[in-house]
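**Student:** Full structure from sequences and hints, please.
Sequence order for the protein chains is A and B.
If you count the first sequence from 1, position 235 lands on 234 in numbering that gives the first Met the number 0, and the numbers rise without skipping.
If you count the second sequence from 1, position 179 lands on 178 in numbering that gives the first Met the number 0, and the numbers rise without skipping.
No lab work stands behind these hints: they were computed from the structure.
Be careful, since some hints might not be right.
Stated by the list, open to error - Listed below are the simulated PhoX-like cross-link pairs for lysine-lysine, each with C-alpha atoms no more than 25 Å apart in a straight line:
| id | chain 1 | residue 1 | chain 2 | residue 2 |
| --- | --- | --- | --- | --- |
| 1 | A | K78 | A | K131 |
| 2 | B | K93 | B | K116 |
| 3 | B | K108 | B | K165 |
| 4 | B | K70 | A | K110 |
| 5 | B | K167 | B | K70 |
| 6 | A | K110 | B | K93 |
Nothing here was measured: the structure is a model prediction, and the numbers come from that model.
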Amino acid sequence: MSGYTSDPRIRPLEWLPWVVALGAFFLLPEYLSLGARILTYILWALSLDLILGYAGIITLGHSAFFGLGAYTAGILGAKYGVTDPFLQLVAAAAAAALLGISTGALILRTKALTLLMLTLAITEIVSVIANKASWLTGGADGLSGVQVAPILGLFKFDLFGRTAFIYCLVTLFLAWLVVRRLIYSPYGAMLTGIRENTARMHAVGAPVYWRLVLVYTLSATLAGIAGALLTQVNQFVGLNVLGLEPSGDLLVMLILGGVGRLYGAFVGPIVYLTAQDYLAKQYPEYWYFGIGLLLIVVVLFARGGILGLVDQWWQALSRHRSSARASAR
Amino acid sequence: MVASALETQKLCKSFGALTVADNIDFRLAPGARHALIGPNGAGKTTFVNMLTGAIRPSSGRILLGGEEVTKVSQAARVQRGLGRTFQITTLFRKLPVLDNVALGVAERKRASRHMWKPASRHAEIKDEAMALLATLGLADDARTPVDDLPYGRQRLVEIAIALGLKPKVLLLDEPAAGVPSHDSGRILEVLGSLPGDIAILIIEHDMDLVFRFANRITVLVQGQVLVEGTPQEIAADRRVRDVYLGEATHA
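**Tutor:** Printed below as a string of structure tokens:
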């Protein structure tokens with residue numbers, strides 16, 4: 000996928016997620032709130048795939064941008080009477096972009112374990128600030144009473160999550176179009192080059208550091224938008240959007256789905272959050288056990304995630320078919 | 000005097016008490032075919048890494064086309080016309096051969112900032128990369144991942160990437176390293192056909208290749224320039240025989 004030899008046209012199979020989403024909207028009306036939550040996580044996972052899967056930046060701090068976006072939208076809606084959903088999104092995106100460019104410029108000269116620790120430190124710092132500034136953020140109690148006006152003045156956020164679902168779906172669709180374009184562009188090919196061999200990229204004259212700062216900022220912006228969506232859907236923000244735990248969960252989701260495949264970001268959150276929803280109802284105290292088991296199985300038997308496994312099966316199947324055809328002759 | 004294509008003045012590098020480059024004065028003439036030889040541990044790789052900007056010298060100056068670049072970043076030196084190949088094959092192993100070359104061409108054309116139009120529709124980049132592959136006899140491998148190529152061809156890809164940068168100065172770090180001798184002929188052929196206006200510095204252990212390719216040779220021993228001269232002068236030099244050629248048993 001991506002690069003100078005690949006066909007950039009959208010293949011029929013790539014429409015499948017959108018067909019599934021619209022199908023879910025009509026067939027599973029009682030699950031739309033969960034669905035909207037899944038959509039926001041898909042957007043967030045997509046932003047992580049851009050830096051981890053394509054540019055090869057490892058991070059445990061992606062919740063800093065998600066959380067900042069969530070709090071920006073929440074504070075505007077709860078404290079400052081800015082209730083227009085698009086204004087909240089734009090403000091969240093801008094705040095996350097600003098944090099992305101300033102922290103990215105600081106930490107992206109490092110790599111591997113140092114980078115991992117620095118990203119973790121940044122989200123923990125943001126988390127502590129959110130906790131201490133309780134006059135603004137509600138602290139440990141969270142920020143409730145977030146006001147979100149009807150979309151375009153027409154569509155109210157309803158109890159069943161119908162508006163929220165379509166709103167998140169449209170936002171995700173637009174983000175997907177942008178990310179997909181980016182990945183297939185020369186810039187995307189260049190990011191793959193940095194991931195595959197940084198020394199070689201330096202040697203062909205690429206200012207690697209600046210390129211990484213830029214993609215990190217773009218990714219942070221998308222993560223901020225995802226965070227704002229979550230706030231608007233829940234009309235509440237809590238401290239659980241910041242720190243190590245949500246970052247780790249997100250990483251697990253993306254690894255489950257498949258890193259660097261664009262659609263791993265779709266499959267991972269669906270599997271993870273559905274499993275979580277089911278397991279938490281069945282075994283409220285042990286649901287993490289099920290998730291852990293799932294991750295172990297994937298890491299042991301499907302290093303490319305669920306999509307990697309599908310790929311292998313597909314290739315085996317088509318080999319089998321072509322050999323069957325050859326022997327039939 | 001015409002400005003050198005590449006020049007170092009009193010270039011020094013020490014790691015603690017260990018001096019690996021000791022006052023190296025070196026001049027690469029425009030269009031030169033110049034070889035740098037020396038026994039293992041002479042500091043050849045360190046010298047090359049200082050030229051490219053991968054490591055900073057402790058003191059001294061580096062001039063590229065007459066302009067000082069001692070403190071200029073690696074990427075900026077490439078943009079000013081300094082290309083290199085690596086002793087240890089440094090390629091995008093999982094990517095197709097075409098992408099390996101196109102990524103370099105795109106950097107030279109300042110095209111990798113484009114974020115919207117698909118890479119495969121940037122014909123100006125693809126066509127140039129394809130043309131380059133064709134001249135090196137790699138056209139049929141364009142869509143093959145580098146990992147699936149025989150080693151000798153991977154060495155050619157290494158050269159193709161460097162040529163895609165249209166360098167004025169080209170540093171070839173053991174271009175035939177590890178290539179079986181029956182395959183190295185093709186590499187020598189390619190080196191022989193490189194455009195005459197590129198100044199080339201080749202670091203090589205294969206004396207056969209050095210003496211066929213270079214018209215000027217510098218011998219580096221323990222971080223110092225022992226002697227510089229034409230291949231005939233070097234072959235006749237007693238000191239060189241003592242420290243180097245006498246013990247040269249490399250294939």
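**Student:** A separate judgement is required for each hint: does it hold in the structure or not?
**Tutor:** Each hint, compared with the structure:
1. Between the alpha carbons of A/K78 and A/K131 the distance comes to roughly 17 Å, so the proposed pair stays at or under 25 Å and holds.
2. Using a Cα cut-off of 25 Å, the hinted pair B/K93 and B/K116 holds, with the two alpha carbons roughly 23 Å apart.
3. Taken as a hint, the B/K108 and B/K165 pair is honoured in the structure, with Cα atoms around 10 Å apart against an allowance of 25 Å.
4. Between the alpha carbons of B/K70 and A/K110 the distance comes to roughly 23 Å, so the proposed pair stays at or under 25 Å and holds.
5. Restraint check for B/K167 and B/K70: satisfied, since their Cα atoms lie roughly 19 Å apart, inside the 25 Å limit.
6. For a cut-off of 25 Å, the pair hint linking A/K110 to B/K93 stands: about 21 Å separates their Cα positions.
Checked against the numbered hints given earlier, this structure breaks none of them.
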